[in-house]
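Undergrad: What follows is each chain in one-letter form.
Number of protein chains: 4
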Amino acid sequence: MTTQDSATVLTSDPHQRLGKPAGGWRAALYAIIFESDTPKGRAFDLALIGAILLSVLVVVLTSVKPIADQYGEWLHAGEWFFTVLFTIEYVARCLCVQRPVLYARSFFGVIDVMSILPAYISLFVPAAHVVSGVRILRLLRIFRILKLTLYIQEYSMLGDALLASRRKIFVFLSVVFLIVFLLGSVMYVVEGPENGYTSIPTAVYWAISTMTTVGFGDLVPKTDIGRTIASFMMLLGWGILAVPTGIISSEITHQRGQRLLSLRVCPGCHSTGHEPEARYCKNCGTALPS
Amino acid sequence: MTTQDSATVLTSDPHQRLGKPAGGWRAALYAIIFESDTPKGRAFDLALIGAILLSVLVVVLTSVKPIADQYGEWLHAGEWFFTVLFTIEYVARCLCVQRPVLYARSFFGVIDVMSILPAYISLFVPAAHVVSGVRILRLLRIFRILKLTLYIQEYSMLGDALLASRRKIFVFLSVVFLIVFLLGSVMYVVEGPENGYTSIPTAVYWAISTMTTVGFGDLVPKTDIGRTIASFMMLLGWGILAVPTGIISSEITHQRGQRLLSLRVCPGCHSTGHEPEARYCKNCGTALPS
Amino acid sequence: MTTQDSATVLTSDPHQRLGKPAGGWRAALYAIIFESDTPKGRAFDLALIGAILLSVLVVVLTSVKPIADQYGEWLHAGEWFFTVLFTIEYVARCLCVQRPVLYARSFFGVIDVMSILPAYISLFVPAAHVVSGVRILRLLRIFRILKLTLYIQEYSMLGDALLASRRKIFVFLSVVFLIVFLLGSVMYVVEGPENGYTSIPTAVYWAISTMTTVGFGDLVPKTDIGRTIASFMMLLGWGILAVPTGIISSEITHQRGQRLLSLRVCPGCHSTGHEPEARYCKNCGTALPS
Amino acid sequence: MTTQDSATVLTSDPHQRLGKPAGGWRAALYAIIFESDTPKGRAFDLALIGAILLSVLVVVLTSVKPIADQYGEWLHAGEWFFTVLFTIEYVARCLCVQRPVLYARSFFGVIDVMSILPAYISLFVPAAHVVSGVRILRLLRIFRILKLTLYIQEYSMLGDALLASRRKIFVFLSVVFLIVFLLGSVMYVVEGPENGYTSIPTAVYWAISTMTTVGFGDLVPKTDIGRTIASFMMLLGWGILAVPTGIISSEITHQRGQRLLSLRVCPGCHSTGHEPEARYCKNCGTALPS
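Chains H, S, V and U, in that order, give the protein sequences.
Going by UniProt numbering, the first residue of the first sequence is number 1, and it counts up by one from there.
Going by UniProt numbering, the first residue of the second sequence is number 1, and it counts up by one from there.
Going by UniProt numbering, the first residue of the third sequence is number 1, and it counts up by one from there.
Going by UniProt numbering, the first residue of the fourth sequence is number 1, and it counts up by one from there.
None of the hints are false.
Copies of one chain are not kept apart here, so a pair can be met inside one copy or by any two copies together.
Straight-line Cα separation of at most 16 Å, EDC-like style, residue types lysine to aspartate or glutamate; simulated pairs:
| no. | residue 1 | residue 2 |
| --- | --- | --- |
| 1 | K20 | E35 |
| 2 | K65 | D224 |
| 3 | K20 | D37 |
| 4 | K65 | E194 |
For the record, the hints were derived by calculation from the structure and aren't laboratory data.
Since the structure is predicted, the reported quantities are computational estimates derived from the model, not experimental observations.
The shape of chain H in the complex, shown without the other chains:
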């Protein structure tokens, strides 16, 4: 999918295929919930973003022990208030589209269910409510609501750059994984459980934290050979870091070039590669089609 294509798809109304009812209260509801050109639709969207932000805040505050101890009642009430609110919204969304199954299986449909399910499950499994944090994904709606088509174009351009580099990235990750596994195993043999490298998975975890230059420091080599290998790994990881950067840099530069040198052809000499603002062919001086 090219940048233009994906941008077009994203900027056109993605809800059209869900089917807008022909009339009645369902059509009115559809206009409020799914569209944002009417004052009511705009108000609904803003209220929805506010509700999502507040409900995420409730989840965050519930996790902070001092606050949960003091305002536990209120937070619990807030959690259920937003759960019921989002449940009503979900039912309304299902009711007012022609093809509710299509909505339920769409990206946002799944996210919407995942935002309310944890609370209901927590009635049986109390620990489940912590998963509610996933509802922050609902904020992705904000891009559509605010009609940030240009932002979406940027999104899709980055996505295209990554997509175009996916084979390079796969190859790169395979090599990184092999290196990390081999060097991790070596460190497990060299340092051993007495220095904290208790198993190969632990040593691989350490190798990843070293080669990505994170370096937590919970595990550190203590033997001389271990430190020599670690030094080598750090330099290697440092150099390897340049590879994905180079891949993506080159890809973004290429994407930009592709877009700029658009597909205009000179009617005089049939040359291409004209800048977007050029009005005459740079080779033969013929006027270019706008």
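Position chains S, V and U against the provided structure of chain H, taking the given hints into account.
TA: Then chains S, V and U, alone, in the frame of chain H:
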């Protein structure tokens, strides 16, 4: 604002709009304080930079306990000496311009007040004097004083590159924030308070320190699942790091290209920005000089 | 070796030079083991990948103490099962090629021996079995088996980029090594054994971990001078990190450009590599097709 | 200085200006010490590199306590052996050139003195011998000795890239220093001495280790506000890291382009920008001068 434009604005005298008095002692004071072509003006500028550096040094030394214990009296005296000095300078600046309000509300006007206010406030709130460090911002004057117009051009070019990429950067930061929040919440659920992840904000702080490859090591995953997720996060953060680099690399390369293109001028329409290999003006079709 | 050349070498059957027997059971065995176009050959390849993955899993699980304590018998049996299996496979491979010595000395031949030797050696030296992790390298076969010629092209392109930059990288590493050794020695003098910098090698290990921005934190400067030098080193390492990235970015962009240029063929001399805007062949002067 | 110029300077004999004696034993000594085309000169160079490496090894081993305790006598003897050897070499170098003062003040002349001085000073100040590590800089001779002119070209190209970006880098470092100082001061105020941020210099050291993504972990924020500011700093430092990379990437790409598009002009159409391997003008088909 293009590079040329912003450079022009910065290299022309930014104080013109403050209004230079027509004559008298105010005009003489203006020439000393705001201009730097006369010997007196140059001496004033050098003295000012020296005073700023010394006053920052006083703030820094005051924070070092052994030094503060021994030379506390001297540092206190120095602090007040510079405060009074900067107060006199500030009053002088206000007096000698035609529009003092415009100066007081300008960037440097605000910084100048912020450099002296903390000392006066510390008469009532003793702790306030630590904020004096903000006066280091006064050093930004150095670029204007030393007439480093070329440096300022570089500044504005970097600024343009960032500005031109602002939407890409916003999109990028949104995605990073969503990822960090989600993975932080997951780690809070997986590791839990017993391993130090006491709340979602704490876990998000850890997630940021991991994905930016800082890796303080004050919080580290201890469970097997937690370490697996952390390994994934480190690799992900490592790869994501390539994105802003790619964006800015591509932007700087583009800016440089733009500048190189602007050397040739069309004899027909006086337009610039022609590619090196173009033989005819892309705007009016006139043959370009080789 | 150019990208095209190395890709051609890798995508053509690399086993041809090993010599396929003319007929009989050896030719049949060859078809199963070395080729993957027949159903049997494909089944063998899939079984081999599965066996490699399982045998690596056995090595990993053996290193995890709780699991090894509980299922030690099973893991030990599994280790020997795969060792015998891979031994049979190795013998079969040697038997069915015309030039077994060539196979034994090839990259995969060496890896295959290294996958089974540790287990046999562990009969005499019990600790040797930990080296079995090296058999993960056998997974490199997967690229050939799955006929991922495009992936191999990517591999060779990355390899070419690194190869083309090898002198720049050598120069860069020399300079980095000199800087790290000098600054490490300075820190050894400044901080000394009482702050953990017990020897110059240790200090160099710390210098590498600092300049690569890994920063384990097992050694940290404690004196004021040490912290100042460390601050300088961090900024320097941060800046130096940009150099390999720049080298590889530039190299990948160049490689990509080379590939794009090679699409048009001159009708006069059949040469490739013409720039997109070229109108005449740069080798023989014939007009190029647009 | 362009790449071509600096490469020429470095590959031509840099010792010419020191003045080769006309004849006699001094000329013979000069040929051995400063030149490397004769068998004797080559043997001397190899012996010198060996001696430098061994003398550095002695310094390193002396710093490792267990080894120094056991072989202290031998290492001490080795240290003096190499010191006397290098002293003799230094005197010989001074004797056999026409202008010894010019040699003594050259880069290598200074390094040569610094390699032997610490040992002599340690007769009076025992601790001085640790500075001997500086003699590793003598290894820089290796590039000249091995006639690695191509490597030197790479060196000078990297140097040119850095030189060409020096203003951008200065501006960048100024901004980084201002940010680090301001945020460090803020953290000193927020966290305070009770959380380890004992002074502004310490807080600035921490700010640098955070923004360069080193993250030692010896100092970590403990308050909620401190962690929030630290999170912001990590993201900021992560993004800022992209700037020097972009600057140098763009510079290297530009240098490469400059070199490739050499200064050949087509005699037919006076166009430039021809690839090094082009033999005919890509615009008009005229044969290009080789």
